[in-house]
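Assemble the whole structure, with the sequences as input and the hints as a guide.
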Amino acid sequence: MKKRTFRRASLLLLALPLTTLFSACEIRVEDAVAATSGPYVTPSVDVAVHYEMISPQSPAPVHQDMHWQVASLRQRIDPENATVYMVTSWRDHTLNVVDTLGHRRSVMPAPGAVLTPPGQIAPGSFKKLGTDMVSGQFCTIWRTTDQDGHESDACYTEDGILLQVKQQGRILVRALSVERVPQPDTLFAIPETYSVVAPAR
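Residues -24 to -1, 1 to 177 in mature numbering (1 follows the signal peptide of the UniProt record, and there is no 0) are what the sequence shown spells out, letter by letter.
It should be emphasised that the hints constitute simulated quantities derived from the structure, not laboratory data.
All of these numbers come straight from a predicted model, not from anything done at the bench.
Just so you know, nobody snuck in bad clues.
Below, computed lysine to aspartate or glutamate pairings styled on EDC-like, alpha-carbon distance capped at 16 Å:
1. K103 - D129
2. K142 - D108
3. K104 - E127
4. K142 - E28
5. K103 - D122
Across the chosen pairs, the derived CB separations fall in these ranges:
6. K104 - D161: 33 to 39 Å
7. F114 - I166: 32 to 38 Å
8. Q123 - P85: 16 to 22 Å
9. E127 - D68: 32 to 38 Å
10. D135 - D161: 17 to 23 Å
11. S48 - R146: 30 to 36 Å
12. A174 - G145: 38 to 44 Å
13. V21 - A89: 20 to 26 Å
14. P158 - Q33: 30 to 36 Å
The beta carbon of each residue, even a glycine, is placed where N, CA and C say it ideally should be.
Given below as structure tokens:
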């Protein structure tokens, strides 16, 4: 039977892994070899974060839950009011999109650059702007510029959790709650009985 294209993968536009926020930054060779000043962008602890995001497709904010398991380097994204969730495995660099309503799943290469390991400073050029308090969590604000010259200010905790992203003074991403608790393997399970379909193009 011909595989059906997984149309719901378009939700990925709202749910790219937050650990690859700076993947579009211009990285010099010397930065990649030894970054000494910059953020930790990958959580070094298991964590669940509830985010509010500004979407180009919606006038109202959208929400999503992010789960991170540090031992397996896996991330799960659950967009609000969606029957689809996404699991990224950085050990094998794959992204699984799971449709719980249609009992379908799709697998594709993980988006973005190679993951910066937990506890390592992200490669690239960053400017430290100061500190902030977001949802009761202390974080450091870092500014970076992408290849098109657009600046982003991201606030990261010392253990690598993204709390806020601003562009031109406008908040695009904000953590509403942070729970540093163990994330069970069951959260990242991919149902083997679901039919496999081709990713949307």
